Structure formats: C-alpha cells, structure tokens
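Let the hints inform the model, and build the full structure from the sequences given.
Number of protein chains: 4
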Amino acid sequence: MSAPKKVVLAYSGGLDTSIILKWLQTEYGCEVVTFTADLGQGEELDPARKKAELLGIKPENIYIEDVREEFVRDFVFPMFRANAVYEGLYLLGTSIARPLISKRLVEIAEETGADAVAHGATGKGNDQVRFELAAYALNPDIKVIAPWREWDLSSRTKLLAFAEQNQIPIAKDKRGEAPFSVDANLLHTSSEGKVLEDPAEMAPDYVYQRTVNPEDAPDEPEFIEVTFEQGDAVAINGVAMSPATILTELNEYGRKHGIGRLDFVENRFVGMKSRGIYETPGGTILLEAHRGIEQITLDSGAGHLKDSIMPRYAELIYNGFWYSPEREMLQALIDKSQEHVTGTVKLKLYKGSAFTVARWSDHSLYSEAHVTFEEDAGAYDQKDAAGFIQLNALRLKLLGARKRRLKG
Amino acid sequence: MSAPKKVVLAYSGGLDTSIILKWLQTEYGCEVVTFTADLGQGEELDPARKKAELLGIKPENIYIEDVREEFVRDFVFPMFRANAVYEGLYLLGTSIARPLISKRLVEIAEETGADAVAHGATGKGNDQVRFELAAYALNPDIKVIAPWREWDLSSRTKLLAFAEQNQIPIAKDKRGEAPFSVDANLLHTSSEGKVLEDPAEMAPDYVYQRTVNPEDAPDEPEFIEVTFEQGDAVAINGVAMSPATILTELNEYGRKHGIGRLDFVENRFVGMKSRGIYETPGGTILLEAHRGIEQITLDSGAGHLKDSIMPRYAELIYNGFWYSPEREMLQALIDKSQEHVTGTVKLKLYKGSAFTVARWSDHSLYSEAHVTFEEDAGAYDQKDAAGFIQLNALRLKLLGARKRRLKG
Amino acid sequence: MSAPKKVVLAYSGGLDTSIILKWLQTEYGCEVVTFTADLGQGEELDPARKKAELLGIKPENIYIEDVREEFVRDFVFPMFRANAVYEGLYLLGTSIARPLISKRLVEIAEETGADAVAHGATGKGNDQVRFELAAYALNPDIKVIAPWREWDLSSRTKLLAFAEQNQIPIAKDKRGEAPFSVDANLLHTSSEGKVLEDPAEMAPDYVYQRTVNPEDAPDEPEFIEVTFEQGDAVAINGVAMSPATILTELNEYGRKHGIGRLDFVENRFVGMKSRGIYETPGGTILLEAHRGIEQITLDSGAGHLKDSIMPRYAELIYNGFWYSPEREMLQALIDKSQEHVTGTVKLKLYKGSAFTVARWSDHSLYSEAHVTFEEDAGAYDQKDAAGFIQLNALRLKLLGARKRRLKG
Amino acid sequence: MSAPKKVVLAYSGGLDTSIILKWLQTEYGCEVVTFTADLGQGEELDPARKKAELLGIKPENIYIEDVREEFVRDFVFPMFRANAVYEGLYLLGTSIARPLISKRLVEIAEETGADAVAHGATGKGNDQVRFELAAYALNPDIKVIAPWREWDLSSRTKLLAFAEQNQIPIAKDKRGEAPFSVDANLLHTSSEGKVLEDPAEMAPDYVYQRTVNPEDAPDEPEFIEVTFEQGDAVAINGVAMSPATILTELNEYGRKHGIGRLDFVENRFVGMKSRGIYETPGGTILLEAHRGIEQITLDSGAGHLKDSIMPRYAELIYNGFWYSPEREMLQALIDKSQEHVTGTVKLKLYKGSAFTVARWSDHSLYSEAHVTFEEDAGAYDQKDAAGFIQLNALRLKLLGARKRRLKG
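If you read the sequences in order, they're chains A, B, C and D. Its first residue numbered 1, the first sequence is counted upward by one per residue in this note's numbering. Its first residue numbered 1, the second sequence is counted upward by one per residue in this note's numbering. Its first residue numbered 1, the third sequence is counted upward by one per residue in this note's numbering. Its first residue numbered 1, the fourth sequence is counted upward by one per residue in this note's numbering.
No wet-lab data here; the hints were simulated from the structure. There may be inaccurate statements among the hints.
Identical copies look the same in the list; a pair holds intra-copy or inter-copy alike.
As the list claims (entries may be wrong) - Cross-link-like lysine-lysine pairs, in silico, DSSO-like; alpha carbons within 30 Å at most: (1) Lys336 x Lys103; (2) Lys397 x Lys6; (3) Lys172 x Lys103; (4) Lys58 x Lys6; (5) Lys397 x Lys194.
In this text the structure is predicted, and so the values were computed from the model without any measurement.
In structure tokens form, the structure reads like this:
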C-alpha cells in the first residue's frame, strides 16, 4: 500500500483519536479530515471541533454531523425487524453503528478527494473488521489505516509520551488508565476490558452507566404502549415520534426501570472470546414490543422462517458484513415479512424487566372465533384434526413398522 | 377403524377424564386401563386410584407412576441442551411432557394386551397431535381414541348431565365452568382459554398460580450457583442433586422471585393462534444458566450451528415430532456439542429476572491471554488481523468494483 | 359445507374430468363452468370446448386460455432463479403448474359468481393439496370440491358405467386402463402408477414420451448458448425470445439429445413414498445454464445463502405453499440475489447430458488478475493469507489446547 | 514465530516439493522429515523415497504410506453419507484429502519430535487453509511453514535456478511450464490455472486425464448394482469389497463411460473465484447411487433435514474445517440418519451419465400398499386428506381474510 495523501479519520475528540490524528500527520505527512458523528453517545460535539482546530485541521476539513435519525431509521430499525440477537442475547449495539460511520467516512473521502480513511479500533476486536469491510465494500479502492495495528505506541506510557511530545492536551482524568473501555451510541453502551476481564468475577456496580440498578428502580411498575407500522415503532403511548426520538424515549423508560443490562461472554469474529457488559435500555424494550406485535400479525410460516434465518443475519451484522449481498438478501426477506406488522403492544416495565401484557391490531391474525373454548359456530371442524394427524403420522407409522419388521 | 376392545386411558382422576373413562365403557363396551402419571403437576395421585376403582376399573388395570425423574432426565434436560424456545419465548413445558405420557400408554397397552389408547385432549389444540404422533411412531398398529373429537358432549351442560347420569362424582367447584384451562407439570404451568381469550386484555392476577407476582417478591436479590456436566445441571450451590430434584429446587427459587412468567400468543400446529399464560420458574433459570455456561465452554462454530438449528428443533417438539428421525438427528448434533459444557454459573435472582453474573469452568475456552487489553506476550499478533480483513474483504471489493464499473 | 351452487371445474376435456363434470351436475345439481388451460401440455384445446358443449355447458361458461407465457414468466422462471430441486433431483414440473391453475379457477369463480371450484386430483397425491391450498389462500371463502375424495366411483368399471349411463363419449383407447398415469405441461411430463409401482423394476421404455432415448440421440454433441438477464433466460444463440418460446426451444434441444430423464422415488407431502418418471428436457438444460451463469456473477455470500435456503423453498413449492408468506419472503431474497445474474453460458448437449463448458458476462466477478498463477501485479498479497489462516485457526487452537489440557 | 528445528514436509517427490525440501534445509538449517502418502493419485512412491535420500534425508526420516483405505473409509465415505456437493456441483475431491495429510503430518511430527510441518500449497488457494487449520486443530502448538508465502522464488525461472544451484534433478518435461496445475487422489483429479484461466474459453481436451471423452465411451450402456450398508457402499454387483477397492472399481466404470467431468467456476475461501476442471468418475456414480438408496430408506423428515444442512457441511469441508466442532456435530446428525440406509441400487452408465434405474432394500419405507392406484384395502383413507388440507390451509385462509378485510 502506498502512503496515503489525505485521510478521513473517525474522530471522537478524545485523547486516543487525537493521538491518531497527530500520528497520521507525522507518520504519513498527510492531510487529515476529521469526521465526528453524533450517534447519540451522549457527548458534546463542539469540543471535538475545537480540538481538531487546535491540532491544525482546516475548518473545511472538520465534519461534525448529527446522524441519529439516519442511524435509527436505516440501521437500528431494519435490524430490529429481524429480532436480531447475537448468540442468543446480545442486541448488537456496537456492531450496527459501524457501517454508518464507514459509509460517511467513504462519502467524505469522495467529497474531499481523500484516498484513505482511518479508525481507532484495535487489532484484537471486531470493530476494525466492521469499519474496514464496510469501507472496502463501498469503495474497493479506498485505503484503510488502522494505527493500532501499525504503530509502536503499545503502552499507556508511550501514548502519553507521544501526546505530550505533540502538544495534545490530556484531560486530568485521562492520565491514569481507565478501569475499562466504553463504547456508546443511541442504542447501547458497552463496557469491556480490564476489571471485566475475568468472567468468573461479577462486574462492579460502577461499570453500569446507562441504567439504574434494578434494586434502585421504582417500586411500582409502569405501563407503556408502543405502536408499530410495518415493523417499525412509530409512537409511544399514542404520540407519534421520529425514529431517533422513539429510541431516546424508550432509553429513558429503560434507564429508569433498570432494563437492558447484560453480562455476556461472546465469540469475537477474530477468534477469541471476550466478556462485555452491555446496557441496551430502549432496545430491550423495543425487541420485546416487536416480538409482541409480531405474535398477532405474523403467521407461523413467516415467523418460523424469520426465526430460522435470524442467527445468520445477526452473525453477519456482528461480523461486519452489513454491506454484503447476503445481508441485503436477508433484509429483503425480513422486510417482506413486515408488511402487516402494524399495531400496538402494551408493556409492563418493572425492576429490570419489560414484558408484553397485551397487544392489538387491525392486522391481527388472531381469530377468537377459531380458538375459543366456546361454541365456534362452525369456524373450525374438530374432525379435520383426525385427518391432519393421520397424514402427519403416516411416515412415522411406516418408520415404526420398519423397526418392528426388522426386529421380528 | 374397528371398535377397540381394551383401551389405556391417560387418566388424571379429574372430572373430564372420568367422563371419558365412562364414555369409553359405554360407547365401545371396552375394558379400560387407566394410567396416571406424576409429572410433578402438584396433585395427589391417590384420589385418582380411588376414583378409578369407583368407576369400576380393576386394580390390575390401574397404573399410577411417578415419572418425574424420567421426565426431567430423558425429556427436559435433552431439550434444554438445545436452549430450545418456541417462537422466541416459549419454553415448551406442555409439549415436552406429551411424548413421555404416550410412551407409557403404548408400553402399558403392550403389557396389558390393549389395542387402543385414549387421551383427553380437544380437537383444536396441539396436544392431540403430540399424543397421537408419539403413539403411532411407537406402535404403528395402535388405535388412538380422542373422545373430544368423537362425542356429542359439546357443552358443559351435556357433560355434567352425562356425569350425573353415570354416577360420576362431581366436585362442587366443578359445577361452574373454570374461568380458564390449566396444564401443569414439573417444568411449567400453562393457562389458556376463557378469560384469556382476548390478547388485547391483560391477564387477571389470579391466573398466575405457580409464581409470586414480581412486585411481591423479596426486595433483596438472591445469588445461586448452578453446576453443569456435559450440558445437564447436576448441582445447586455445590450440592449434587438428581435431575428432578434440581428442577424442583429451581422451581422454588423461581416461584419465590417471580421468575418465568410469560404472556404469549403462539401459532398452534393446527393453524390458529392462541394466547397462553405460562409460568416456567425453574426452567427460566435453567435456560439462563445453560446459556451462561455455554458462553465459556462452546466455541463459536458449535454455538452458531446450535443457534441456527434450534428453531427447527423447538418446532419439532412443539408440533409433536419427538419420536421422529429428524428430532433424533438434531439431538445427536446437540448432544455432540455438549461434551465440554461443564462448569458453574452464578445467577442473580431478583423480582422476575434471572441473570448470569459470573461463570467458570475447567473446560473454559475463554483466554484472558488472548483478549487482554494489556500486553499479551505474543499470544495474538494484531498484524494477523490485517490479512484476515483483506481476505474477508476481497469478494466485497470485487462486488464494489463491479458496481462502479457498470455505473461508469 | 353447504352444497355448491356454481362450480368452476379444472377441465381437461378428457374422460375423467368429463365424468367429474357430469357428477357435479348430478350430485349437486349445480351450474358448471369449465376452465381449460394450455400450459404447454401438447394437446389441442378445441376438443375440450366441443366436449364441454356436448355435456351441456353454456358457451359463456367455457373458459379456454393459453397461459403458457404467464406460466413460464411468473412461475417457472422465478422458481429457476432459485435452482430449485426437490429432494436433490426433481425439478418440480407438476408442482409449479398447480398454483396458476388455482389462481385462474378462483378468478373465474369471482368473475362468474361461482361459489366453488373443483379439480380432478385424487386423495392420495400432492396435487389435491396444491390446488386447494392455493385456492384457499386466494379466496378463503371459496368451496373446493374434490370428487375423488367424495364419490364412490372407486373402480374403472364403475367410472365407465357412470360415463355410459350419462352419455359421456368414451374414446376407444380409454376403455382399457392406461398402464400408467401422466401429467404434462411446458416444463415436464411425469408418469407414475401401475407398471411403475415397483421401484425395484426398471421403467419400460414406452413410459418415456417427451425425450428420445439417449442411445438414439445424435452421435455428435451440439453446443448452444443461453443468455440471461437478471436471472431469467432471454435468448438462445443470441436470438431473443419470450419466456415460453425459450422453454419450448430448450425442450426441443433436450428432447433431441435425450436430456432430462429422471427415475425417482420421492416423499409425498401426504406421507407416503411414490415413484415417478420425469422428463424435463428444457428445464434440465435451463437449470445447468442458470447455475453456470451464477458461477461467475454471484459472489459466495449470495450463492451460499441461496443454496442453504433452496431445499426449503423447493419443499414449499412441492407441498403447495406457493401463495404463502414464507414462499414470498424467500422469493424476495432470491430475486434480490439475481440483480446481476446477467450473461451468457455455452452448453454441450450430448446423449442425455447438458454441461456448461464456458460462460462470460459484463457482470462477472471472476478476476483473472487475482487468481492467475502468473505474476498478479499486486492484486493479491499472498502474505494476507497467513493472517487470514491464523485468525480462522484461533478458536481451533483454543479447542485443541483444551483437549490437551484436560487429557494431561 | 521462532525458527523451526525439525520439519515434517508433505513430500510428493516432484520438483516443487523437492525445492521446498532443500529450501527448508538452507533457509532454516532444520532437519527435514518427509511424508509421502499414497492417496490413490496414481503415482509410484518409490521414486519419492529415492529422491528424498538423494536430497540428504535420513532413512528413518522418510515416511511413505499407503493411506487409501483410511482415506476412503474415514473421509470420503463419511462425506458421501451427506451427499455433499459444494456450490451445487463440486464433489470436494481435493478438499477431503487435506485433513488426512495434515493428520499424518502432525502425528509424524509428534513421533519424530518435530516442531513444525510444511506444505507446498500456494498463498492464493484453499489448500493452505485446509492444511493449516487441520494442523492447528490437532496440535495448537505446531508451527506450519508455507514456503510459497515466504520465499522470493516467485517465477519459474527463479525456481529452476534454485533447483540447479542445489543439485535438485529436474525432469526434462518439467523444464517448460506445465500448461495447467493438477491434483489427484483416489476420489478425483482436478486441473486448474494457465490454459484454464479464462472461463469463457472451453477447456482443451488434453486437460482431461482420468476419464474418456463421452463421445469415445462405449456405445452400449452398462448396468451395475451398488450395495450399501448404513450409508456406505460395501459391494458392487454383489461382490463385497473394501472401501478403497470399491472406489477404485467405480473409478474404472466411470473412466470407461466418461462419467464425472465438471467444468466449474467456484468461490475460494480466500475470496476469489477460480475455474477448475474436475474428474470424479467413481464419486459421481457413488453419489447417484447413494441418493438412489436414500430415496427408499430415508423418510422425508430425515431427508429434508439432511438436504438443508448439506450446503453448510460441504462449505465446512471446502473451507478446511474438517476438524471443527461444527463439522463433527453435523457428522453426528448425518451418521444418525444412515442407520437404515442399507440396500441395493441399479445404475445405468452411458456416455457421461450415471442414472439410478432401480433400487430395493429390506429397509425400504416405500409402501406399494399405500401408494397404489389400485384398491389399497384400507391402508390409506382418502378422506383423511380433507382434514389434512383444511388444517394446513387454516393459516392461509386467515391471511387471505386479512387481505380482503384491509382492502374492503
């Protein structure tokens, strides 16, 4: 790979990406464009601008954008249509944000004539894969620079030395090492590393930042109603809201009731296991609600097919293959299933849990006429069941007969 | 089908199966053998014996058996090795009990020279299918009698009249109609019908029989440790127990903390949707614990394969295909995966929830050496990730290049 | 089910459906509308009109339609996009024609105010299921009449007697029983029953009607080129043709070279095995060609996903679930994959076989630059493979280390 | 990776691996152990011994083994139980041989105290992945050396110069470059590269080495019978044979009749497409025969499940994951299905094709009593089909009703 001339850097404004910024300038002598996105991580973006300017980035090379609506509408919601969970439990909060960042990096590269993009993910994790697969899919000629895999700043001491040497301001609380590593966006906050590295040890309370401890949550349950149209949440308690607003609201409900905590050991795509603490307050409520509305609006054929491909869909997102033909094919399948996933779910929120307690819809397939224990006025002829069972049993009888015949 | 001469009836001792017993005698003039199983449903079996005798069943034709250990060891535990849930949420508590009952019905038929078996399931539900598919698979020549699909006792009034006419004792509280229908065993209690038939209405509190309301559960969390060997739970808090004892204990923990409630609309195999309230206190804890131990003892290849076939496995059990080649094939696959699923999980139980908070095992695949944020002493070479990403990206680059080429 | 007043009958003009026509009139006293479709079965339709008139059907109640283009365009081609084969070998020639017939039956019922449709499939086969599931899906209120399951005309003698009694003309060659049963359309001819019922006996030569015996095929191979656009064949040897014309042409190539014969024992949806002889001359060439063009235009992610869902897709069509949400969901996935399946395949046809021997496309993903044994000018860095392998191996190493540790 | 001290080399005796042998000695100064296996590739092994001696390998370090029986029994046959084909058509002939070679390399390393193994696969192909994943799975501490990824002998000229410089004898016909690259074993011969690199060009006739051109095959068909026990072929024409003998015999039948040629563009695991010519004469017959016997001995549940997991199983083998938990899990599933796959298939071999024409078995599930067009003496009640269809249709009716309701 020839040296990059102009690089678009995914820039948070924090110490680590500031070091990367400076390292790119010094190592490659290249022009740097910064991209700072508001994905709902809960941090001010203005300081990032100031810091970028301080580090010598030209104003026209500083991109700061609020992408929350796009994030929820085009990434989070499509994923939730699938009820996607990785390895049974993880709601993919980090995974789903990476493709959007890469997309904007590549687009900005094309706008600014940059030949490379750069990110601050390490060589051990999944995020490097997600950033880079997305970037290469969107622009096969782009260069991707991953400083953590290249440089020799392999310890905290070296990093701080590099920072001081290059006049990068170091916040007081960054002098010491953080006790764990954090990623956050509108969907979730993840924490991992350091104090969390032994999965036999309970996570300390201070790791949780996004939700109250269920023990400290209100002693009374709260009931809310979430309305869906074609698989996407569109209103809470009857009030229509934009995608990002809905997720923000659900996050607040979840935070308050201690919902969405997960202590998890997962398999990274790069081959090792890692332990993370995830907090996905609104997403956990949303998943429960979406399942609730599907219960009455999806038929079994659609639902079972969705269930059977979900693990693969989730794995694709986790592994960084958002911009792959197979993810798009599965999305087409999933979206097709959601045409009638319209209606309202009532949930009970209480001390760490969100449970569906009622659901209704004009699109409901639930037929009281058929299921009732009462007289059903001919909606269903119980005698049909005899034939249904006989023909389902036929092959089993033939198998049973073979077993007896061969024994005899 | 020619008339049966001798029938083995799945007999609970309750009013409905007593009516069936008498109806078999009067309708077919056949000899009846009763089979009453203790599956952990929490009812005394002695009254069933007395009632059978009262209805004229010969003592040698009365079979009363405690099958709880067999139930958990040979049915519940194998199913939990798969983390089986139907339609995302239901732990299959009713489904998994039916094959065992059918198996004993068929065995007793062979022991007693009976040519038929009979059950009390209705023509609208899944249980008729489960009973009959299992019976036919185990004995392709057996006759199965399903009185609810045959007789004209189509209303409560007619049933009671038949009972009175035949001197079947009617408990006072059975005169009126039950407000809903219940099935119970060691794994769960299900409630459905009547007051539950409108899925837009919240279930009344009195429906829940097996668990305390989370609001009434203890205000302090409780921590327990569950130990697994090759995928099956073998001890709680270090105390080794038999399968049924473990489930019984977990049920008590779950009951106390309000764990395992589910308000659910599901797709029946016979084609309609129905709404049920399930309480699976111990099973819910067990599922969480099993997932927890798998997190450190299963590698991703094994785990993802299991996840991908699980929906099909669950569907087979739900639909009544326990004794089918495909269920046995999937079981072989699942059991193969569990050889190293050995270790201990620590769970937090609190007001409706069971969460894994720690796990450890001699069989753990978790490698702190590889995952650590600290120096890893060469366990992992971050530069390998570059090649890994490049080759995973290659096809995406070729796709991206095609897209650009065709546009250009 | 109340008696039908007006019935749309799938009418071939043959003896059996003529008997059904008359039986419907006499049994139910209902008005009959006939629908006769040209699906490419190779029979004149005019006699069907005359015969219907002879049997008293009013001219406005006689529907005769050439649906070959619709059949290939909307049913055959979408199915071939999936490379669908049932149980590894069967190209689904009968299965795919049934939904179209049912669709027209239901539409004609709605146009003519009929309340029922009727078909001539027996109670043992798959076709009854396919006809009826399609009809009920398209009009849940329609009645479906399946005379073979209702009447007592259970032997050839009784059928002929009924025909004579009702002045239904009987062709001389229909007096005796046919030695086997045939179904045909533009995609295939199937033969089953009677002389074919013992799968241990070779099918007699006279069963094959649609293809020459490979031994009698030309001694010289013939080469043809099939061009695809977005997954559908659009031209042969550079000549653009309509869907039905292409299949007709391919049939002629296949017939001449003895291509597409299959002697097969399959699992019917109704639970039994049956043996059939299938001849799918053009379809066999088309499948090979479609696979050939996908080889260079689909990437592995898309191709492997398609392969993995194909058996389920084929099973749905075989079982009669064309008009089901899950078939439509899978179709959405498949169609999404075909956007770039455009290009040309060259095939060698010779004595029973069709083999791809070359293929090219502007949409090709094949990169000689990458794969070449020669110098590749940096297209591919072989050192990347080392990292790729190391990270793919990581979990296997951890598994291997566990095995050694536990043994040690 | 520290330098290896003693290396076990997969040694064919040919020029390339002889160069590798010498390069290992000179580059690393390490002791070399050679392993040469007779996998049925059709070459004498004695010359390999002599050449190894000539290159200075100590006699006790020269391993030459006939592994044909192990190859077919423990690798080929288990794979054929699955009817495994990669991307619809490729019988995996190269893929399945690699794990066995790696297994012996690792075992010999342990016997001889070697710390490394080496292979002659290039950095662009799948074989490097297969060799190395297998080696690492079996011994996580082994070093694997892949000279083609390391050295700078990047052109034919440099290789020959190295050979001359190191007194490696060069056969006359190896001076020029081979027009394509070949791999062979008892299951297949593959050819790729050079003259085959343009998939739009037909492969020249001289590429085919293992089978006669169908045009040159006998003008008369030949019929053979293959007998299976529990999924594995055990006899031809009634004569019992060992696994390798059976495959050898079938190869001869296939060669003679021009069976098993495949011109194929496939997706390599490393991300690119490549074109290969495969000849799998015996394997192609074996696959057809195995499908034939499964048709009457597997029920639909077992068969459809096998079909649905087959693509994943084949992909695992292709990608080199033979020694992975998921391959072993799938094998357990597949093997479970084969318990009754016992019986005999009759095949017609003729000018490039092998077709099943008859099959019989004591384990057959085919029931003429059920399927017959004649009177079936009550084996099957056609009226059962009505109920079967009604309940399968129920959800489709509810879907249809919804569609009408929402339109109305």
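For each hint, the structure was consulted:
1. Lys336 x Lys103: both (25 Å within a copy, 21 Å between copies)
2. Lys397 x Lys6: between (71 Å within a copy, 21 Å between copies)
3. Lys172 x Lys103: For Lys172 and Lys103, the Cα distance exceeds 30 Å both inside one copy (34 Å) and across copies (56 Å).
4. Lys58 x Lys6: Within one copy only: 13 Å inside a chain, 58 Å across chains, cut-off 30 Å.
5. Lys397 x Lys194: between (59 Å within a copy, 24 Å between copies)
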